[in-house]
Amino acid sequence: MDSTGRLLKYDAKTKQVTVLFRNLSLAAGVAVDEEEKFVMVTEFTANRTRKITLQGGGSVIATIQPTPDNIKRTRLNKFWLAAARVDPRIDSGLLRINGNGTVLETVNLERWYGNKSVFEVQEFGTKLYIVSRLEDFIGVLLKH
Numbered sequence: 001m002d003s004t005g006r007l008l009k010y011d012a013k014t015k016q017v018t019v020l021f022r023n024l025s026l027a028a029g030v031a032v033d034e035e036e037k038f039v040m041v042t043e044f045t046a047n048r049t050r051k052i053t054l055q056g057g058g059s060v061i062a063t064i065q066p067t068p069d070n071i072k073r074t075r076l077n078k079f080w081l082a083a084a085r086v087d088p089r090i091d092s093g094l095l096r097i098n099g100n101g102t103v104l105e106t107v108n109l110e111r112w113y114g115n116k117s118v119f120e121v122q123e124f125g126t127k128l129y130i131v132s133r134l135e136d137f138i139g140v141l142l143k144h
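If you read the sequence shown in the UniProt record's numbering, its first letter stands for residue 1, the second for the next number, and so on.
Just so you know, these hints were derived from the structure itself, not from any lab. Cβ atoms here follow ideal geometry from the backbone N, Cα and C, with glycine treated the same way. Among these hints, one or two may not hold up.
Just the calculated beta-carbon pair ranges, DEER-fashion [said to hold, decoys possible]:
#	residue 1	residue 2	range
1	Glu105	Tyr10	26 to 36 Å
2	Asp136	Lys9	34 to 44 Å
3	Arg75	Thr18	26 to 36 Å
4	Val19	Ile138	32 to 42 Å
With a straight-line cut-off of 27 Å between C-alpha atoms, the simulated BS3-like cross-links for lysine-lysine are [claimed, not checked]:
#	residue 1	residue 2
5	Lys13	Lys116
6	Lys51	Lys72
7	Lys51	Lys37
8	Lys78	Lys15
9	Lys143	Lys51
10	Lys78	Lys116
11	Lys72	Lys143
Turn these sequences into a full structure, and let the hints guide you.
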């Protein structure tokens, strides 16, 4: 497994680049928290999500099945994970987690996507917009 990925921080004033974290395994998604204190990074091949502080240092906060792909922050500082599948027996879906990796909500997408990988979810207003590279449509789901 390739774990040569890095999370970099660029300071526009000083034009300096700082390595915040090394040894990431195919970092598929990155989302900064609302207060800009930490970053959530999904690692596709390692099947995990990391919480990395912007001062450096990080910890694995979630190892989730199916494999996490992209991650997006919501208005309430929660995060939606697009859960790409790697096992044909696992349905595609979405997970909403908090900054500690606790799963707050799951959305099963089998009805629309079967067991095809879902790569992105974006929350806007009362809707979730869902994308799979394996389909020719964008899913729109009303939130409860």
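Hint check results:
no.	hint	in the structure
1	Glu105 with Tyr10: 26 to 36 Å	holds (33 Å)
2	Asp136 with Lys9: 34 to 44 Å	holds (38 Å)
3	Arg75 with Thr18: 26 to 36 Å	holds (29 Å)
4	Val19 with Ile138: 32 to 42 Å	holds (35 Å)
5	Lys13 with Lys116	violated (44 Å)
6	Lys51 with Lys72	holds (13 Å)
7	Lys51 with Lys37	holds (10 Å)
8	Lys78 with Lys15	violated (31 Å)
9	Lys143 with Lys51	holds (26 Å)
10	Lys78 with Lys116	holds (25 Å)
11	Lys72 with Lys143	holds (16 Å)
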